[in-house]
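Colleague: Residue numbers (full-length UniProt numbering): 1 to 184.
In case anyone wonders, no lab produced these hints; they're calculated from the structure.
Every clue listed holds true.
When the alpha-carbon atoms are kept at most 20 Å apart in a straight line, the in silico PhoX-like pairs for lysine-lysine are as follows:
1. 182 / 117
2. 150 / 139
3. 130 / 178
4. 117 / 150
5. 99 / 182
Label pairs and their in silico Cβ distance ranges:
6. 164 / 86: 12 to 22 Å
7. 101 / 42: 54 to 64 Å
8. 54 / 100: 42 to 52 Å
9. 35 / 9: 43 to 53 Å
10. 83 / 182: 25 to 35 Å
By construction, the Cβ of each residue, glycine as well, lies at the ideal position given by its N, Cα and C atoms.
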Amino acid sequence: MARGATTRPRDRFDDVSPDLARVGAHRAPARSGRGFVTFAWAALATGVLVGAGVLGLSVIEKNVSATGDTTTSSAAAASSAPAATVDPSATVVVLNATKTTGLAASAAATAKGDGWKVASTANADSTDVKLSTVYYSEKSQLGAALGLAKSLGIGRAPVRTDRFDVAGQSRLTVVLGKDFVKAS
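Use the sequences and the hints to build the structure in full.
Modeller: Below is the structure:
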């Protein structure tokens with residue numbers, strides 16, 4: 001017997017009749033088929049939400065038309081894009097955004113070999129950049145940025161930004177990511 005427990009004499013409350021054997025929350029037995037009703041309500045709610053989403057998107061994007069001749073627009077876009085060129089007047093800065101040492105120097109040597117004027121190489125502030133990118137600041141530099149990306153084997157399209165802009169300089173900045181492969 002447990003410490004401090006006392007033995008009490010039996011009384012009328014110790015004998016429970018069999019019809020009072022339920023313990024806890026006294027709920028009625030679950031009705032059969034109740035799971036189907038729950039599923040039906042969930043399916044109806046899903047249908048209403050999907051319908052509302054489709055209706056909302058059609059209202060928001062009513063100006064977008066999928067019918068039209070896409071060949072002429074893509075041909076016009078291709079003809080207006082500048083060709084990849086080497087611009088010896090552009091200053092190139094190469095930043096290594098990986099943990100691989102010597103990556104910026106290797107890329108700079110490749111660029112110099114292709115006729116680019118490399119002003120400096122350095123490590124970037126971050127070392128977890130995944131994709132290598134060529135950045136340019138002026139619209140007129142797009143052809144040179146494409147040419148530099150081609151020289152270094154960077155498949156990603158150059159990005160226009162003022163982040164690396166220096167006043168009075170025609171400058172292209174290369175940020176080398178984990179995808180960059182060193183020239184052999």
